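We have chain A already, so just place chain B on it with the hints.
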Amino acid sequence: DVKVTQSSRYLVKRTGEKVFLECVQDMDHENMFWYRQDPGLGLRLIYFSYDVKMKEKGDIPEGYSVSREKKERFSLILESASTNQTSMYLCASSNNLLGQLNYGYTFGSGTRLTVV
Amino acid sequence: QKEVEQDPGPLSVPEGAIVSLNCTYSNSAFQYFMWYRQYSRKGPELLMYTYSSGNKEDGRFTAQVDKSSKYISLFIRDSQPSDSATYLCAMSWGTGGFKTIFGAGTRLFVKA
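Line by line, the protein sequences give chains A and B. Positions 23 to 138 (the working numbering) are the ones given, in order, by the first sequence. Positions 1149 to 1260 (the working numbering) are the ones given, in order, by the second sequence.
Hints were generated in silico from the structure; no laboratory data involved. Be aware that a few hints might be false.
As the list claims (entries may be wrong) - If we take Cβ atoms under 8 Å as the criterion, some of the chain A residues that face chain B in the derived model are:
1) 38
2) 112
3) 131
Unchecked claim - Restraint-style ranges between C-beta atoms, simulated for each label pair:
4) B/1190 <-> A/101: 27 to 33 Å
5) A/31 <-> B/1165: 31 to 37 Å
6) A/92 <-> B/1216: 41 to 47 Å
7) B/1176 <-> A/60: 26 to 32 Å
8) A/36 <-> B/1188: 42 to 48 Å
9) A/34 <-> B/1156: 25 to 31 Å
10) A/72 <-> B/1159: 35 to 41 Å
11) A/66 <-> B/1162: 31 to 37 Å
12) B/1226 <-> A/89: 22 to 28 Å
For clarity, every value in this text was computed on a predicted model and none was experimentally measured. Cβ coordinates follow ideal geometry from the N, Cα and C atoms, glycine included.
In isolation and in its complexed conformation, chain B is listed as follows:
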């Protein structure tokens, strides 16, 4: 069993839809949870970061962490074609990010 599981998609939605992206994990020691967005032929860029459980909102993006269920989510409201990318979840239990584990990524397509 992988430490981090993420549905690879692809996920195709119409413009304006609410998108839900999810990851499950097995290691209860993870404390830091991140979402990265990766456009085609680019490196990943940090989108959201949360520590421990709870919600965090940034504009159209909301990250949720449920440590009891070992489940994290990223919600995108009013999705736009520019949101079309691969979304990677990542989690870590140390400072400096030495032990960061990445999901395989979910490809998202937002159709105009």
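Extracted from the complex, chain A is given alone in its bound form:
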């Protein structure tokens, strides 16, 4: 069974802490994504990566950075956590093959982060 695994289901961090969210996929997918999900706002793209050591900003990158040192691992970093970063964080992966019938994302189960 293919999987995207997020290291933590729940996290509580203090304002100003540096926070690392880890994501690993076992499908050999080229593309990986970090989203945050908030009620009424849907999923908003923070960063994505289409190859090792490559990264692109999404729609809301401020306050975040990412790292992709290996194809299977994509990390999201909150440089200095703030209360407005309290959210559900979802990692996803996809491949690049044209005509792939199951085009779409595979998501992890999410990390619910609370910043106090």
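Chain B alone, transformed into the frame defined by chain A:
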């Protein structure tokens, strides 16, 4: 105006009902249309995927895309309590899903 509009619900129906979930969008460049199902405390999972206009059926689920009206629908026949979840529409105009826009999701409750 949001690029993708989706009624958040909640939508409550009795078991066996036909459910209709809808999204409207504003960007005519979208080519790929998807529906994801998200159970509580889980990540979304891909339910249906269609390219361009038309219908696609998979068991009890039917996805419709009307590009002329910028309107997509997901129909669930013979709904079951296990269908209770949040349904997210999503659409994209690129390969690899780099530019995928998600709706906010509709919460569905199917009562036994």
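Evaluation of the provided hints:
no.: 1; hint: 38; verdict: violated, 28 Å
no.: 2; hint: 112; verdict: holds, 5 Å
no.: 3; hint: 131; verdict: holds, 5 Å
no.: 4; hint: B/1190 <-> A/101: 27 to 33 Å; verdict: holds, 28 Å
no.: 5; hint: A/31 <-> B/1165: 31 to 37 Å; verdict: holds, 33 Å
no.: 6; hint: A/92 <-> B/1216: 41 to 47 Å; verdict: holds, 45 Å
no.: 7; hint: B/1176 <-> A/60: 26 to 32 Å; verdict: holds, 27 Å
no.: 8; hint: A/36 <-> B/1188: 42 to 48 Å; verdict: violated, 27 Å
no.: 9; hint: A/34 <-> B/1156: 25 to 31 Å; verdict: holds, 27 Å
no.: 10; hint: A/72 <-> B/1159: 35 to 41 Å; verdict: holds, 36 Å
no.: 11; hint: A/66 <-> B/1162: 31 to 37 Å; verdict: holds, 34 Å
no.: 12; hint: B/1226 <-> A/89: 22 to 28 Å; verdict: violated, 46 Å
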